[in-house]
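There are 2 protein chains.
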Amino acid sequence: MFESAEIGHSISKDDYAREEPVLRSRLLALQYALLAKSTFPVIIIVGGVDGAGKGETLNVLHEWMDPRHIVTTAFGEMSDEERDRPRMWRYWRALPPKGRIGILFGAWHTDPIVDRVTGKISEDELFRATERIVRLERMLVDEGALVLKFWFHLSKKAQKSRLNALEADPKTRWRIAESDWKHFKIYDKFRAVSERALRNTGTAHAPWTIVEGTDPNYRYLTVGRAIAEALERRLDEAVAAPEPPPVPMPPPPADGRTVLSTLDYSRTLPRKDYQRTLEKQQGRLNLLTRHKRFAERSVIAVFEGMDAAGKGGAIRRVVWGLDARQYRVIPIAAPTEEERAQPYLWRFWRHLPRLGRVTIFDRSWYGRVLVERVEPFASDAEWMRAYSEINDFEEQLSEAGGIVVKFWLTITPEEQLARFHAREASPFKSFKITPEDWRNRERAAEYDHAVCDMIERTNTAMAPWTVVPANDKYFARIKVIKTICERIDAVL
Amino acid sequence: MFESAEIGHSISKDDYAREEPVLRSRLLALQYALLAKSTFPVIIIVGGVDGAGKGETLNVLHEWMDPRHIVTTAFGEMSDEERDRPRMWRYWRALPPKGRIGILFGAWHTDPIVDRVTGKISEDELFRATERIVRLERMLVDEGALVLKFWFHLSKKAQKSRLNALEADPKTRWRIAESDWKHFKIYDKFRAVSERALRNTGTAHAPWTIVEGTDPNYRYLTVGRAIAEALERRLDEAVAAPEPPPVPMPPPPADGRTVLSTLDYSRTLPRKDYQRTLEKQQGRLNLLTRHKRFAERSVIAVFEGMDAAGKGGAIRRVVWGLDARQYRVIPIAAPTEEERAQPYLWRFWRHLPRLGRVTIFDRSWYGRVLVERVEPFASDAEWMRAYSEINDFEEQLSEAGGIVVKFWLTITPEEQLARFHAREASPFKSFKITPEDWRNRERAAEYDHAVCDMIERTNTAMAPWTVVPANDKYFARIKVIKTICERIDAVL
Chain A
169 MFESAEIGHS ISKDDYAREE PVLRSRLLAL QYALLAKSTF PVIIIVGGVD GAGKGETLNV
229 LHEWMDPRHI VTTAFGEMSD EERDRPRMWR YWRALPPKGR IGILFGAWHT DPIVDRVTGK
289 ISEDELFRAT ERIVRLERML VDEGALVLKF WFHLSKKAQK SRLNALEADP KTRWRIAESD
349 WKHFKIYDKF RAVSERALRN TGTAHAPWTI VEGTDPNYRY LTVGRAIAEA LERRLDEAVA
409 APEPPPVPMP PPPADGRTVL STLDYSRTLP RKDYQRTLEK QQGRLNLLTR HKRFAERSVI
469 AVFEGMDAAG KGGAIRRVVW GLDARQYRVI PIAAPTEEER AQPYLWRFWR HLPRLGRVTI
529 FDRSWYGRVL VERVEPFASD AEWMRAYSEI NDFEEQLSEA GGIVVKFWLT ITPEEQLARF
589 HAREASPFKS FKITPEDWRN RERAAEYDHA VCDMIERTNT AMAPWTVVPA NDKYFARIKV
649 IKTICERIDA VL
Chain B
169 MFESAEIGHS ISKDDYAREE PVLRSRLLAL QYALLAKSTF PVIIIVGGVD GAGKGETLNV
229 LHEWMDPRHI VTTAFGEMSD EERDRPRMWR YWRALPPKGR IGILFGAWHT DPIVDRVTGK
289 ISEDELFRAT ERIVRLERML VDEGALVLKF WFHLSKKAQK SRLNALEADP KTRWRIAESD
349 WKHFKIYDKF RAVSERALRN TGTAHAPWTI VEGTDPNYRY LTVGRAIAEA LERRLDEAVA
409 APEPPPVPMP PPPADGRTVL STLDYSRTLP RKDYQRTLEK QQGRLNLLTR HKRFAERSVI
469 AVFEGMDAAG KGGAIRRVVW GLDARQYRVI PIAAPTEEER AQPYLWRFWR HLPRLGRVTI
529 FDRSWYGRVL VERVEPFASD AEWMRAYSEI NDFEEQLSEA GGIVVKFWLT ITPEEQLARF
589 HAREASPFKS FKITPEDWRN RERAAEYDHA VCDMIERTNT AMAPWTVVPA NDKYFARIKV
649 IKTICERIDA VL
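Protein sequences appear in the order of chains A and B. Counting in the numbering used here, the first sequence runs from 169 upward without gaps. Counting in the numbering used here, the second sequence runs from 169 upward without gaps.
Note that these hints are calculated values from the structure, not bench results. Heads up, a few of these hints could be off.
Unchecked claim - In the DSSO-like style, the derived pairs of lysine-lysine whose C-alpha atoms are separated by at most 30 Å in a straight line are:
#	chain 1	residue 1	chain 2	residue 2
1	A	K460	B	K350
2	A	K339	B	K650
3	A	K597	B	K181
4	B	K339	A	K600
5	B	K266	B	K288
Since the structure is predicted, the reported quantities are computational estimates derived from the model, not experimental observations.
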């Protein structure tokens with residue numbers, strides 16, 4: 169992997185002086201073309217060994233292009249807000265919107281490599297971490313991002329003399345931290361681990377460019393050209409994107425029986441029992457969320473369901489058991505302009521709760537495989553890949569202490585019709601019924617199919633679905649709050 | 169202030185049972201009307217003594233209304249990201265957008281009161297803090313927000329018996345923290361300080377409602393009714409807003425002489441000196457921003473100026489002296505949808521740097537008193553009040569360790585015309601010139617007037633303006649980078 173980056177590449181002063189102004193204006197023009205189109209973001213990832221000129225190269229990129237449209241984030245120590253959420257949260261915060269270049273300095277590859285070198289994680293865990301990165305980058309590319317990855321390398325000999333030289337000069341001495349020499353002592357191990365990590369994460373859609381760090385001119389031209397060429401190709405409309413192969417679609421079950429059609433919709437709960445049980449469960453929920461071990465946990469509750477199935481009512485009964493200072497309900501409607509400029513999961517990442525808190529999503533990321541599939545707002549390829557993207561997302565929530573609870577509230581077509589009519593008749597509830605609800609109802613079969621696929625493909629041990637027959641509201645509400653309590657109880 | 173809240177208000181069970189459902193559906197309907205209009209946000213501030221039922225009341229509000237459209241934030245310990253910025257930053261993050269209700273639990277009033285009671289700040293500092301709050305709330309109201317403030321009070325006797333009762337019941341014991349009893353011991357002091365703070369911050373546009381906390385029914389109805397009535401009045405289009413009195417406009421100087429017209433535009437710097445000095449100053453800037461005491465400082469640099477005066481070029485020369493990991497350039501164009509749903513300063517607050525960092529605003533909040541005044545996108549009253557709002561804002565930046573450096577780059581009309589023509593002729597720069605630039609040029613006199621007013625009214629000791637004659641680009645760039653260096657140098 170690093171062989172070619174240890175042969176002593178260099179560019180002469182004259183060659184550099186000739187090429188630099190050309191490359192520079194080319195990059196600037198491309199940056200403006202990117203901005204004018206604003207159809208995709210450019211994510212530049214910078215990593216590598218200490219002392220290989222990463223920072224300097226970054227500064228040169230800022231010189232060459234218009235720094236107003238570059239968003240650079242350097243990842244050092246986590247802030248406490250970051251520590252309270254999945255590891256990837258800090259990177260999602262730093263993603264550039266469409267039209268911009270985002271430079272991620274020491275991004276998601278760094279932690280697993282350093283953790284493996286220092287023995288904090290096992291080889292298996294390193295592999296798991298790199299697999300996660302592959303999926304994340306795949307998703308970013310699928311969402312339209314141009315992902316460019318640069319790894320700065322130095323041979324052991326070159327690194328040693330570079331560190332020595334920097335240290336000898338008072339003007340550059342500040343660049344050398346104690347940790348640089350400490351890292352140098354474990355150079356061989358670092359090299360071996362990085363090599364494995366880079367191999368695992370170097371993919372066709374997001375390959376690594378290994379940059380030999382010895383000669384500044386060589387570094388600058390290598391990185392600059394790579395960016396220019398990638399941007400040019402991507403902006404060139406004449407280079408047609410290859411037609412994506414048709415996606416194999418999951419067929420409906422051959423016998424027509426589904427988890428929805430075989431559900432027992434007749435279950436009810438008398439009002440008297442309901443009131444008593446509800447109060448009991450709300451009290452239980454309150455105690456659970458105040459438990460001292462809940463401070464290391466969070467709840468991410470997802471409410472999905474048919475129109476008029478009673479999502480809102482169920483959510484209210486849950487939150488009445490919580491302290492209003494502790495939870496947020498996030499109603500998911502059309503994305504805002506800033507959200508549209510990001511991958512579709514971004515608007516959910518931004519609302520993730522800190523530890524000790526509860527976030528309830530009233531509709532959620534599952535819109536991608538429900539309404540966006542049926543309408544269709546998303547292409548087949550888009551919603552088909554969403555299943556695994558969502559599973560990855562929920563796995564990260566769960567690993568970071570999140571308790572992911574997902575509900576599908578469902579009612580029979582007859583019950584839905586009755587509720588629609590009742591809503592229309594009530595001056596107080598008529599705002600809840602729109603022409604869209606009637607239209608969705610006509611597409612019930614398509615929605616059923618989408619719902620069954622969704623449950624089948626995203627029902628994981630870490631984040632299971634609870635399908636709630638909701639013809640009887642009392643039964644449904646108790647089922648919901650009890651399920652949440654049980655899930656919290658099980659982990660405390 | 170608290171007299172009426174110590175007389176033992178209460179509402180009988182029957183009265184409450186009769187009124188509660190009416191109030192509740194009224195509130196819900198109003199909440200939906202607010203959302204449908206989405207023309208203003210509702211900011212509900214909750215403060216008061218311990219054990220007065222603030223949390224319970226909040227929970228009841230969440231029960232009564234649709235919790236999906238309420239954004240509640242409880243302010244406890246600051247996160248490290250919050251500590252690195254002005255105190256008010258955490259509150260700006262929590263402001264609800266138009267159409268929503270935001271509940272701020274323990275908002276900006278709490279810290280100054282507690283700090284005064286515990287002797288951390290002097291009486292003068294308390295007064296200063298409350299004055300700042302008055303101005304903040306005035307600004308929020310002027311920006312359209314409905315600000316409702318509730319202070320929960322208990323007499324000393326009532327508080328003691330309530331704390332005892334809560335502690336005796338195992339179901340409520342968790343609500344009492346050690347600090348509650350500690351606060352009780354200083355009840356008298358707390359009462360006296362809060363009274364002063366409340367008097368200072370109770371204004372006509374954002375008055376306090378003092379709520380006696382002894383009887384839950386009374387608390388809930390008091391708060392619920394106050395919200396309903398305020399919302400109803402505000403949503404009722406028939407209640408015409410009083411015509412705002414005409415704003416006294418600052419006249420131009422009688423002799424026609426201004427800071428701009430008396431500027432010496434003839435200053436130049438030979439290219440040879442420029443190169444040498446530029447490198448020297450960039451090195452200086454680099455060392456200064458790496459100084460260990462800079463870790464407790466940040467730079468907020470504002471670039472304003474005439475079209476084609478060379479803002480972009482000057483910014484580039486500054487950032488080349490910085491490490492790309494350390495700074496952000498924020499180009500200010502039209503606000504996004506999320507930004508339009510907030511007070512105009514919100515979009516600048518969100519980009520404030522942490523300590524140890526540099527943020528450069530390419531155009532800034534001064535747009536309010538420049539383009540928005542001249543176009544006019546803002547009413548006279550709006551841009552007139554912006555001067556003091558901006559001064560307040562910059563004062564907070566400065567107090568939090570920020571070094572605020574502001575530049576006005578100016579060129580003569582002849583020089584501007586020459587640059588416009590040069591830009592049009594260059595294939596590489598033609599994107600920089602638009603019909604708007606020509607239109608602005610025709611309004612030069614209006615802009616001049618606005619610029620002079622701006623400098624006069626916002627040139628403060630903490631955040632002074634540097635007016636830079638920029639006919640000679642070399643001179644201007646050196647002036648800019650030198651000024652930044654000197655400002656940092658002066659405080660380190």
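Exercise. Would the pair K597 of chain A and K181 of chain B pass a check requiring their Cα atoms to be no farther apart than 30 Å?
Worked result: Cα-Cα ~28 Å, so holds.
For this session: Please work out if K339 of chain A and K650 of chain B have their alpha carbons no farther apart than 30 Å.
Result: Satisfied, since the Cα-Cα distance of roughly 20 Å is no more than 30 Å.
For this session: For the pair supplied as a hint, K266 of chain B and K288 of chain B, confirm whether the alpha-carbon distance does not exceed 30 Å.
Result: Roughly 36 Å between the alpha carbons, so the hint for K266 of chain B and K288 of chain B is violated.
Exercise. Is the straight-line distance between the alpha-carbon of K460 of chain A and that of K350 of chain B 30 Å or less?
Worked result: Given that 30 Å is the threshold and the Cα spacing comes to 22 Å, the pair holds.
Exercise. Quick one, are K339 of chain B and K600 of chain A close enough, alpha carbons at most 30 Å?
Worked result: Distance of about 38 Å is beyond 30 Å: violated.
Violated hints, in rising order: 4 and 5; the structure is consistent with all others.
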